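Participant: Using the hints, position chains B, C and D against chain A.
In order, the protein sequence lines correspond to chains A, B, C and D. Residues 1 to 362, numbered by the working numbering, are exactly what the first sequence covers, in order. Residues 1 to 362, numbered by the working numbering, are exactly what the second sequence covers, in order. Residues 1 to 362, numbered by the working numbering, are exactly what the third sequence covers, in order. Residues 1 to 362, numbered by the working numbering, are exactly what the fourth sequence covers, in order.
Quick caveat, the hints were computed from the structure, so don't treat them as lab data. One should not assume that every hint holds.
[Stated by the list, open to error] Computed spacing ranges between beta-carbons, pair by pair: (1) D/SER6 - B/ARG106: 51 to 61 Å; (2) D/SER343 - B/ARG106: 54 to 64 Å; (3) A/ARG286 - B/ARG9: 23 to 33 Å; (4) B/ASP324 - A/ARG9: 38 to 48 Å; (5) B/ASP324 - C/LYS37: 41 to 51 Å; (6) D/LEU25 - C/ALA338: 50 to 60 Å; (7) C/ILE90 - A/LYS75: 28 to 38 Å; (8) D/PRO50 - C/PRO50: 38 to 48 Å; (9) B/ALA60 - A/GLY138: 50 to 60 Å.
[Claimed, not checked] Derived BS3-like pairs (lysine-lysine); straight-line CA-CA distance at most 25 Å: (10) A/LYS88 - D/LYS88; (11) D/LYS252 - B/LYS75; (12) B/LYS88 - C/LYS75; (13) A/LYS88 - D/LYS75; (14) C/LYS75 - D/LYS75; (15) D/LYS75 - A/LYS75; (16) B/LYS208 - B/LYS137; (17) C/LYS88 - B/LYS88; (18) C/LYS75 - B/LYS75; (19) A/LYS238 - A/LYS259; (20) A/LYS357 - A/LYS274; (21) A/LYS252 - A/LYS241; (22) C/LYS75 - A/LYS75; (23) B/LYS75 - A/LYS75; (24) B/LYS75 - C/LYS88.
[As the list claims (entries may be wrong)] Here's a subset of chain B near chain A, in silico, CB distances under 10 Å, partners left out: (25) GLN8; (26) GLU15; (27) ASN26; (28) ASP30.
Model, not experiment: these values are computed from the prediction. Glycine included, each C-beta is placed from N, C-alpha and C at the ideal position.
Number of protein chains: 4
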Amino acid sequence: MRDNQSLQRLFEACEPRRQELFRRLNLASDGTYELVKMREDLLALLREQPELAAIDDDFAHLFGSWFNRGFLMLKRIDWNTPASILEKIIRYEAVHEIQDWDDLRRRLDARDRRCFAFFHPAIGDEPLIFVEVALHKGLPSRIQPILSGESSGESRHTKKAVDESEDADTAAFFGISNCQTGLRGISFGNFLIKQVVQELSQELPQLKYFVTLSPVPGFAQWLQEQREDEQLPPSLRKALKGLETAEWHQDKALEEPLKTAIRPLAARYLIEEKNRHGLPLNPVARFHLGNGAELHRINWLGDISAKGFKQAAGLMVNYLYVLDDIERNHENYTAKGAVACSSDVRDLARRARKLAKGETTK
Amino acid sequence: MRDNQSLQRLFEACEPRRQELFRRLNLASDGTYELVKMREDLLALLREQPELAAIDDDFAHLFGSWFNRGFLMLKRIDWNTPASILEKIIRYEAVHEIQDWDDLRRRLDARDRRCFAFFHPAIGDEPLIFVEVALHKGLPSRIQPILSGESSGESRHTKKAVDESEDADTAAFFGISNCQTGLRGISFGNFLIKQVVQELSQELPQLKYFVTLSPVPGFAQWLQEQREDEQLPPSLRKALKGLETAEWHQDKALEEPLKTAIRPLAARYLIEEKNRHGLPLNPVARFHLGNGAELHRINWLGDISAKGFKQAAGLMVNYLYVLDDIERNHENYTAKGAVACSSDVRDLARRARKLAKGETTK
Amino acid sequence: MRDNQSLQRLFEACEPRRQELFRRLNLASDGTYELVKMREDLLALLREQPELAAIDDDFAHLFGSWFNRGFLMLKRIDWNTPASILEKIIRYEAVHEIQDWDDLRRRLDARDRRCFAFFHPAIGDEPLIFVEVALHKGLPSRIQPILSGESSGESRHTKKAVDESEDADTAAFFGISNCQTGLRGISFGNFLIKQVVQELSQELPQLKYFVTLSPVPGFAQWLQEQREDEQLPPSLRKALKGLETAEWHQDKALEEPLKTAIRPLAARYLIEEKNRHGLPLNPVARFHLGNGAELHRINWLGDISAKGFKQAAGLMVNYLYVLDDIERNHENYTAKGAVACSSDVRDLARRARKLAKGETTK
Amino acid sequence: MRDNQSLQRLFEACEPRRQELFRRLNLASDGTYELVKMREDLLALLREQPELAAIDDDFAHLFGSWFNRGFLMLKRIDWNTPASILEKIIRYEAVHEIQDWDDLRRRLDARDRRCFAFFHPAIGDEPLIFVEVALHKGLPSRIQPILSGESSGESRHTKKAVDESEDADTAAFFGISNCQTGLRGISFGNFLIKQVVQELSQELPQLKYFVTLSPVPGFAQWLQEQREDEQLPPSLRKALKGLETAEWHQDKALEEPLKTAIRPLAARYLIEEKNRHGLPLNPVARFHLGNGAELHRINWLGDISAKGFKQAAGLMVNYLYVLDDIERNHENYTAKGAVACSSDVRDLARRARKLAKGETTK
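So that you can see chain A by itself, here it is in the shape it has in the complex (with noise of 0.2 Å):
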């Protein structure tokens, strides 16, 4: 017992006097938002004052007891919602920009989508982080269509919109948004995708699939990497070749050679290079598998927007929820750093090793 009172007394004396400040801070009318919007600020200067650290460190702290998932509230984002609201979630759209007011509506005001913020109650209108969700008949593999409202599906042409959402057996997360640059690091997302996924459950029990769309950041990046790379096989640095085409992918001869090659090494990014921490590099696949999703298809031309070839060749993935698994999934990728992958992907990475060593794959 003596001991328990030292620590208490220890703990007590070097808990930093700012985070009693900001408890203080908080008493005021809309002090959390504006503490908040100061870490905004914080994480601006810590780049050129690196002592400023510990400061941030105790805004984490706090805002890590205060965010908690206890405490944040789900709320669907429709048509129906204040335009108060809605304009922000325009802003603060990072993945896939909202041009305007007609885009927004294109995007939520359809039978086939859905979209779900977090708010905390002491930061009234303001949302934390948002997912876009469109109801899909079989896995999506492309994001042009689902942006541009034309499709749910295989069966599109034929349906009425009326019926898509019934339709529907996959929900595609397509769009995850932190809203908040001064809660960087403060975890919401997880919580938000498997909330949603049962309030999806729920509303639509023929939901089968639960997955994302989501972009490779950093890919095309790597690859380039790889090209200049003196030790690249001869064969894989020809058939890369394509890339320094524009507008490879509107040229058959040009984009067979590259879907073949880049499809593997895709799959061996994603699984095989970590960072210092023995994580994927790929930030957006230490998210979703840190969740205990699967890496589940890499999608060929699955973003064929300029940003999309810049930022991965046009290439999209989809990570795969599944319930059952999710739990063990997550645990092995934190304790062992295991990666689930479908056979598909893993087939993939098999042939990644292959061309690296100059054997031509099928």
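Facilitator: Relative to chain A, chains B, C and D alone:
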């Protein structure tokens, strides 16, 4: 900067693991309320198992952060409030018991009554603390007319209830009840009173006085100790002898000398009797003086219920909240232990000193 | 076209000016409710001043339009409903009196209870009509266990309350109360029952039966008239003699012959005794049969309260709402006065005919 | 009494069956809105099929009862209003078109703007009528600064927006739009203005003037007719010749004589030109004068948009609502057709009479 980092590492090292455990329990649905109930159980065990105090420290630390005033919501409680909340008001009222639904209605559902409670967004319908207010013409001195719904100040015999809230110049706080044992020590009352003063000022700009009608728990016991003190001057001893007669307040011959003796003693008790921290012995005085209120008036026969006599020889006290003085009073109190009081009460205390010397006062 | 215009002018000419007056009164704040109370006063005067009937016709005409089902809102009433509404439920319950708040809570705040009311947007918190529902395993035959909160069907002794709403296969409507005397004759009950059936089907898809447990007002009086009829066969007269003994239902020797005689008579009363419009004499039967329900079962000793004996010799009736039959039943009833009833009840009626001829039935 | 009954029977006999049909259609879900749309279709047919007028009479009669002011709900429209309602505001604005969401925001989401709409509880999110208000220091004379969001009265150059609503002494109603063609002829505007005046008085007690800034549709056409009149004095004809020059308002030499001639003519047009019912020819004047407002000021170059010139030679009018005069103005207007107007406007009308005689005015 090195020091900062070391300190941060030390803080992280000695922050009890339990706090992180509690934060994770809070992820679960209804987790916050379960943790509050958990601490309630813990507090019940503490007396017999003092070694659990360290756990309680962790609860207190986290709850202090989670139940920061910035996260609380003030709600008015009235007859339009859901029955599920009202039944909790009946259950939690700790100062002047509410008998049943009719009694509750009498206290809430009149033009001259108000009730406000703090809620926490993660604990839904459970009030944390609430305050009952009677609008009054002049400062009220007796609790019974308020509880029976008879009184709205001197004008009540000639006016209809409808006019009463408009005539009122005083908001009398006659009951503040904490609802959650598991939140013991987390301070809400201060903020509640101040915010209710604001709300009422806005709704009823004609209000001039914000005052309590408060009990004096412990005074009867202290008085008894005085009587057992051999140093007590005979004149005073004689006057206090009346207390031994049942129903003494019905007998003018007994009541008068008691009044002359007891009111000064009460002033002395409230102002001069201190605990080991140098603060007033009386907990209610400690609360309101600490909030910056003034000890304004000692009301003879303010509470003629059995409990009132047993607890405080029938006395009640008005603490006055003067917005312009709150800050200064609070500062003087916390810095120097100075008790803000009206000249009337100060006179009483002076008389008490004379009585103690055996002098007779007028 | 000329005719149309003439007719329109005639209509305008003979529409009572009062209707326009009422529409203008309705412009005032709370006007709608005041008009409803005005008609309540009027109805009280009508008996003595029948010449006021024309005013009542105007009220009825306007209210029929204003309180059209399209304007009503269904709300669930439960323990989270504001106290100001709940106290009205206590006051307006007309079938089985609610004693106090504890009684109310017993009726509302259990997993196996539901209550729904219609409100009108211009009359705020005043319910127009409400229905109380008990979820039950099997069709209930007796009201006392429902009122005391004991019963949820046969399984109640072994199951916990938590499971009861899941086990239930029957929703029993055991009280429908009109709240506003001023809306007499404006029909809501029909719509209320049908919408509540829809709501409950959606919430609890396992429900199979929607049934009432209804009183039989007027039956005891009718029975008395039978006994005073000199034509009554001696055998029947003898059997009914038991009614003269107080507490006859406690005496097996009296009860058995009464049961044998009275149930058939009740079937005959409900099916064959008609008013001057050729519709059932019994008003409750008229209501439910007119809604398309089936006269399903006559429950011996269904209501053993003093009121139950006095009104209906202890009988209660189940009317069954079978969604697929409602339309046809309603048509047959309104077109031909045909009473839909179960084969059991039909058998009872047949037996009544034999009894009337002095034949003894099994 | 006999007469009463006969009359009632006659009324019942000649009330068109259609009204009962419409009441029954209203039982269906969304029935009310469908009926409103049905009448919208009917109105479109009426011109070609005038024999349908009788049906329209029935709609008008029922809607007059159903959309009685007692059933309407006033709601504030602002940037926190659901987008689904705001897009209807954009669509329905009939006076000064709203270009897009940015324009809408400019009109709604400033401290010095208000917008209110009437809704009917059975028609959910569909506004029936709405009014746009600008808070202003002094009476506004020109619409363009209001539409562009520049203006809040004379003080705007030196004050920040934040202070503007506090400085304002005038609420200017600059747009009233009916939303539902199917409710044509059912009068809401009158009640809307009066209730909004009440709301604003309560929110902003410093407001002294409630005034419109209204268009003068039909004035340009009337002016043209004057010019074609051979009786027109040469002096006046000459002054008006300036209208033939494009962009005349940019040319001081043209503008001055036009101003001198046209403002008096407008006063005459508004006050003296009557329709066959003896009421002002101008429909906007009819509306506001019928509501009890005063014709307060004629604003030269009040609307310099193309539409403003085409419709009213650029004029706009202030109608002033003085609460104490509304009743009297309304009475005088309906009883005697008397037009309440300010002495300035009266002077202008006098001058018009001189002009008509060929006299030159100052």
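Participant: Are the hints correct? Go through all of them and say.
Facilitator: Tested hints:
A hinted range of 51 to 61 Å for the beta carbons of D/SER6 and B/ARG106 is consistent with their spacing of about 55 Å. A hinted range of 54 to 64 Å holds for the C-beta pair D/SER343 and B/ARG106, which are about 59 Å apart. Between A/ARG286 and B/ARG9 the beta carbon distance is about 25 Å. The supplied range of 23 to 33 Å therefore holds. About 40 Å separates the C-beta atoms of B/ASP324 and A/ARG9, a value consistent with the hinted range of 38 to 48 Å.
For the hinted restraint 41 to 51 Å between B/ASP324 and C/LYS37, the CB-CB distance of approximately 49 Å keeps it satisfied. With their beta carbons about 28 Å apart, D/LEU25 and C/ALA338 fall outside the hinted range of 50 to 60 Å. The given range of 28 to 38 Å is respected by C/ILE90 and A/LYS75, whose C-beta atoms sit roughly 36 Å from each other. Take D/PRO50 and C/PRO50: their Cβ atoms lie about 45 Å apart, and the range 38 to 48 Å holds.
Checking the proposed 50 to 60 Å range against B/ALA60 and A/GLY138 shows it holds: the Cβ atoms sit about 54 Å from each other. Proximity of A/LYS88 to D/LYS88 is assessed by CA-CA distance (about 21 Å); at most 25 Å being required, the pair is judged to hold. At roughly 63 Å between alpha-carbon atoms, D/LYS252 and B/LYS75 are farther apart than 25 Å, so this suggested pair is violated. Straight-line distance between C-alpha atoms of B/LYS88 and C/LYS75 comes to about 24 Å, which keeps the hinted pair within the 25 Å bound.
Restraint check: the Cα-Cα separation between A/LYS88 and D/LYS75 comes to about 24 Å, which is no more than 25 Å; the hinted pair holds. Between C/LYS75 and D/LYS75 the alpha-carbon distance is near 22 Å, which keeps this suggested pair within the 25 Å criterion. With a C-alpha separation of about 23 Å, the suggested pairing of D/LYS75 with A/LYS75 holds against the 25 Å cut-off. For the hint pairing B/LYS208 with B/LYS137, the CA-to-CA distance comes to about 10 Å; that is within 25 Å, so the pair holds.
Taking the CA atoms of C/LYS88 and B/LYS88, the gap is near 21 Å; set against the 25 Å cutoff, the hint holds. Restraint check for C/LYS75 and B/LYS75: satisfied, since their Cα atoms lie roughly 23 Å apart, inside the 25 Å limit. Of the pairs offered as hints, the one joining A/LYS238 and A/LYS259 holds, with about 13 Å between alpha carbons and a cut-off of 25 Å not exceeded. The straight-line distance between the Cα atoms of A/LYS357 and A/LYS274 is roughly 21 Å, inside the 25 Å bound, and the hint therefore holds.
Between A/LYS252 and A/LYS241, the direct Cα distance comes to roughly 14 Å. Compliance with the 25 Å bound is thereby established for this hinted pair. Distance hint between C/LYS75 and A/LYS75 is fulfilled; the C-alpha atoms sit about 23 Å from each other, no more than 25 Å. At most 25 Å may separate the alpha-carbon atoms for a hinted pair to count; B/LYS75 and A/LYS75 meet this at roughly 22 Å. Of the pairs offered as hints, the one joining B/LYS75 and C/LYS88 holds, with about 24 Å between alpha carbons and a cut-off of 25 Å not exceeded.
About 5 Å separates the beta-carbon of B/GLN8 from the nearest beta-carbon of chain A, less than 10 Å, and the hint is met. Taking 10 Å as the C-beta contact cut-off toward chain A, the hint placing B/GLU15 at the interface holds, the least distance being around 6 Å. Hint status for B/ASN26: holds, given a least beta-carbon distance of 4 Å to chain A, under 10 Å. At about 8 Å, the closest approach between the beta carbon of B/ASP30 and any beta carbon in chain A falls short of 10 Å, and the interface hint on this residue holds.
Hint check: violations occur at hints 6, 11; the rest are consistent with the structure.
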